[in-house]
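Colleague: So the protein sequences, as listed, match chains Z and Y. If you use my numbering, the first sequence closes out at 272, no skipped numbers anywhere. If you use my numbering, the second sequence closes out at 165, no skipped numbers anywhere.
Please note that the accuracy of each hint is not assured.
Unchecked claim - Derived contacts from chain Y toward chain Z, CB cut-off under 10 Å, selection only:
1) S121
2) S135
3) A143
4) K148
5) A149
6) A150
If you're looking for bench data, these hints aren't it; they were derived computationally from the structure. Fair warning: this is a prediction, and the values are worked out from it, not measured in the lab. Beta carbons are placed, not taken as given, at the ideal position from N, Cα and C, and that holds for glycine.
As a plain string of letters, each chain reads:
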Amino acid sequence: MRYIEPHAHMVSRVTDDYDRMVLAGCEAVCEPAFWAGYDRSSVAGFYDYFSQLTDYEPKRAAKHGVKHFSWLGLNSKEAEDVTLAAEVVALIPQFLDRPNVLGIGEIGLNKNSRNELRVLEMQVDLAARHGQLILVHTPHLEDKLKGTRLILDVLKSDRRIRPERVIIDHVEEHTVAMVLDTGMWAGMTLYPETKCTPARAIDMLEQYGQERLWLNSACDWGRSDPLAVPKTAVEMKRRGHLAELVDQVIYQNPGRFLRQCPKFTL
Amino acid sequence: MNQQPMLDLYFLEARHQLIEVAAFLDRVERAGETADFRARAFAEAVKILGSPAKNKAGEVLRAFSDPTVEPIAAATTKAACGAWPGRGESQDITN
Ligand SMILES: [Zn+2]
Chain Z
7 MRYIEPHAHM VSRVTDDYDR MVLAGCEAVC EPAFWAGYDR SSVAGFYDYF SQLTDYEPKR
67 AAKHGVKHFS WLGLNSKEAE DVTLAAEVVA LIPQFLDRPN VLGIGEIGLN KNSRNELRVL
127 EMQVDLAARH GQLILVHTPH LEDKLKGTRL ILDVLKSDRR IRPERVIIDH VEEHTVAMVL
187 DTGMWAGMTL YPETKCTPAR AIDMLEQYGQ ERLWLNSACD WGRSDPLAVP KTAVEMKRRG
247 HLAELVDQVI YQNPGRFLRQ CPKFTL
Chain Y
71 MNQQPMLDLY FLEARHQLIE VAAFLDRVER AGETADFRAR AFAEAVKILG SPAKNKAGEV
131 LRAFSDPTVE PIAAATTKAA CGAWPGRGES QDITN
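Based on the provided sequences and hints, a complete structural model is requested.
Modeller: Structure (structure tokens):
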């Protein structure tokens, strides 16, 4: 089995996780910028974090035989402070030429507030001005449905944004169709408690087609499983899906989306 | 595809999960917490299980969702609790 992990927060994982992922067939890990579990006190905290994502972490991954790519952005949990957000958005362009940077992400909404929405618009504009791919985080639990609608409205109203260059992550049964209807890609995140289980993810693959869907573990410092993607591949086989389809979903699909950034090579 | 029987694959697991739900409802009842917005949302969502809806998972998720369309004035918490507390009601939960 070979696979791409298109969404993992490796800075919060131990080195053993890299070893286990490589053993399971992982050929590339893509790491979006996210919340550290606390709010950074200044733009300098983001400078250090973006340096970690674009310099230190790819070297650590390479030692374990896997390619590491990253996405840069300000997560929505830290978007309530619009002044700081504007400073972070101004900081990002100097990192965009780094060899492992794939685009702007993960950006999106958390509690669906006005300031979160303003900061999302700022970052969609940043991506458009620099011709970057976009990876979007949709809110959790009761906030997901409303947040997904608001996010899609922002993206659809910006004529510079091409839908096939956007992935909307963490979709579930109540949001997957509205995302795919826009022509954007949809990501299904496999979490033990919130978000999606392997069985439900496969249900959605069977119902909504396999063209513009990918699977990810979004493993971070919370309850999550860095091997969730290969475990779902095993579940697909248990259900009777053929190896070719499994390969399409866990390897070819993420590759097809990510290669829209020429820096993504394996 | 070599389609496998879904009941062979998932019946025992789903049966187990349904009994867990039933025991949870009994527990909330005994604790006198049925008026909490989360318990009320749960009771509404449970009704969907017996409905003829084709996308029951999606409908259950909708039942727990914030149905409003306007962004909120400001985020006062980072967390989500799993059910919509209702317009103007505090999302602060006791535990
Ligand atoms: Zn993430």
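Colleague: Could you run down the list of hints and mark each one as holding or not?
Modeller: Results of checking the hints against the structure:
Interface hint at Y/S121: violated, since its Cβ lies 15 Å from the closest Cβ of chain Z, which is beyond the 10 Å cut-off. A distance limit of 10 Å between C-beta atoms decides the matter here; for Y/S135 the minimum to chain Z is near 4 Å, and the interface restraint holds. The interface hint given for Y/A143 holds, since its Cβ lies 6 Å from the closest Cβ of chain Z, which is under the 10 Å cut-off. Of the supplied interface hints, the one on Y/K148 holds, with its beta-carbon coming within about 5 Å of a beta-carbon of chain Z, less than 10 Å.
This hint holds: Y/A149 has a C-beta 8 Å from the nearest C-beta of chain Z, less than the 10 Å allowed. Interface hint status for Y/A150: upheld, as the beta-carbon distance to the closest one in chain Z is roughly 4 Å, under 10 Å.
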